[in-house]
Amino acid sequence: MSSHDLNVGSVLPPLDLTRRGFIVTSLVSGFAASAGAANTQTAIQTSTEGLTAGEVKIPAAGGQMPAYRAAPAGQHNLPVVLVIQEIFGVHEHIKDVCRRLAKASYLAIAPELFARQGDPSAYQDIPSLIRELVSQVPDAQVMQDLDATVAWAASQGGNTSRLGITGFCWGGRITWLYAAHNPGVKAGVAWYGRLQGESSALQPHHPIDVVDRLHAPVLGLYGGQDTGIPLESVAAMQTALASGSPAAQASRFVVYQDAPHAFHADYRSSYRKQAAEDGWKQCLAWFDAHLN
1 MSSHDLNVGS VLPPLDLTRR GFIVTSLVSG FAASAGAANT QTAIQTSTEG LTAGEVKIPA
61 AGGQMPAYRA APAGQHNLPV VLVIQEIFGV HEHIKDVCRR LAKASYLAIA PELFARQGDP
121 SAYQDIPSLI RELVSQVPDA QVMQDLDATV AWAASQGGNT SRLGITGFCW GGRITWLYAA
181 HNPGVKAGVA WYGRLQGESS ALQPHHPIDV VDRLHAPVLG LYGGQDTGIP LESVAAMQTA
241 LASGSPAAQA SRFVVYQDAP HAFHADYRSS YRKQAAEDGW KQCLAWFDAH LN
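The opening position of the sequence shown corresponds to residue 1 in full-length UniProt numbering, with each subsequent residue numbered one higher.
It is possible that some hints are incorrect.
Said to hold, decoys possible - Computed cross-link-like contacts, DSS-like style, restricted to lysine-lysine with a CA-CA straight-line distance of at most 25 Å:
# : residue 1 : residue 2
1 : Lys57     : Lys103
2 : Lys273    : Lys103
3 : Lys103    : Lys281
What the hints contain is simulated information worked out from the structure, not anything from laboratory work.
From just these sequences and the hints, can you work out the full model?
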């Protein structure tokens with residue numbers, strides 16, 4: 001399917017979310033069991049000192065969506081960064097990413113985007129989690145819930161005219177899609193998110209299909225040893241971006257040749273310290289250039 005055959009507005013029509021309430025009403029503590037035993041020796045723990053940080057509830061169609069928010073205490077008019085979860089939900093790693101961004105003077109918010117379908121912390125293995133929960137989440141629902149998150153950020157004094165988004169794995173793919181969905185996004189950073197795939201009713205298009213609709217440049221941080229996202233997929237995306245929108249043409253990739261998938265996940269065996277630390281520097285530099 002060519003990107004020129006797609007109209008994002010018609011491909012993702014609004015869903016009637018008022019009929020689907022929230023199954024999950026609060027965030028989990030700790031790390032996701034399905035991700036495997038957490039390595040507490042490498043897992044980064046960012047302090048809340050100097051921050052306003054913790055769980056919040058975001059008004060959305062059909063109820064209240066749980067989310068994690070972190071920001072420098074007492075500061076207002078901050079640029080806003082949406083933090084999009086892995087398949088494991090908003091667990092401790094994603095919360096810590098929010099705190100890291102807050103230490104860099106951003107209002108960071110991670111909404112639990114699976115809350116309408118189920119609790120990712122209830123799963124013990126990845127295949128079941130993907131089959132029974134993650135694959136049941138419509139892209140259109142995610143876009144609407146992120147729109148609600150942006151509206152909440154604005155109501156809390158965040159400066160949504162300086163709006164960024166970053167996401168990991170499942171959230172990396174969503175980062176590309178939301179940069180095509182919301183004209184207000186100024187920059188995105190996608191960590192090893194899927195770029196191509198088969199279309200379905202719930203996932204009608206993928207990042208490579210929307211390059212002519214990107215409103216903001218996206219920095220892609222990918223691993224050269226990622227068996228799920230081969231370098232051929234990255235190359236195809238780079239080719240597509242070159243003939244996409246002006247924002248698409250301003251997007252770029254950094255590929256860490258020796259890194260696997262999830263190289264930033266410091267609590268997992270996939271963690272690669274050098275790639276993760278450089279990727280984080282690249283991420284902050286990208287946001288600094290586009291949001292400040």
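- Straight-line Cα separation of Lys103 and Lys281 no greater than 25 Å? Roughly 13 Å between the alpha carbons, so the hint for Lys103 and Lys281 holds.
- Decide if the proposed pair is consistent with the structure: Lys57 and Lys103, CA atoms, cutoff 25 Å inclusive. Judged against 25 Å, a Cα distance of about 22 Å means the pair holds.
- Task: Could you grab the alpha-carbon distance between Lys273 and Lys103 and see if it respects the 25 Å cut-off?
- Result: 20 Å, holds
The structure fails none of the hints (numbered hints given earlier).
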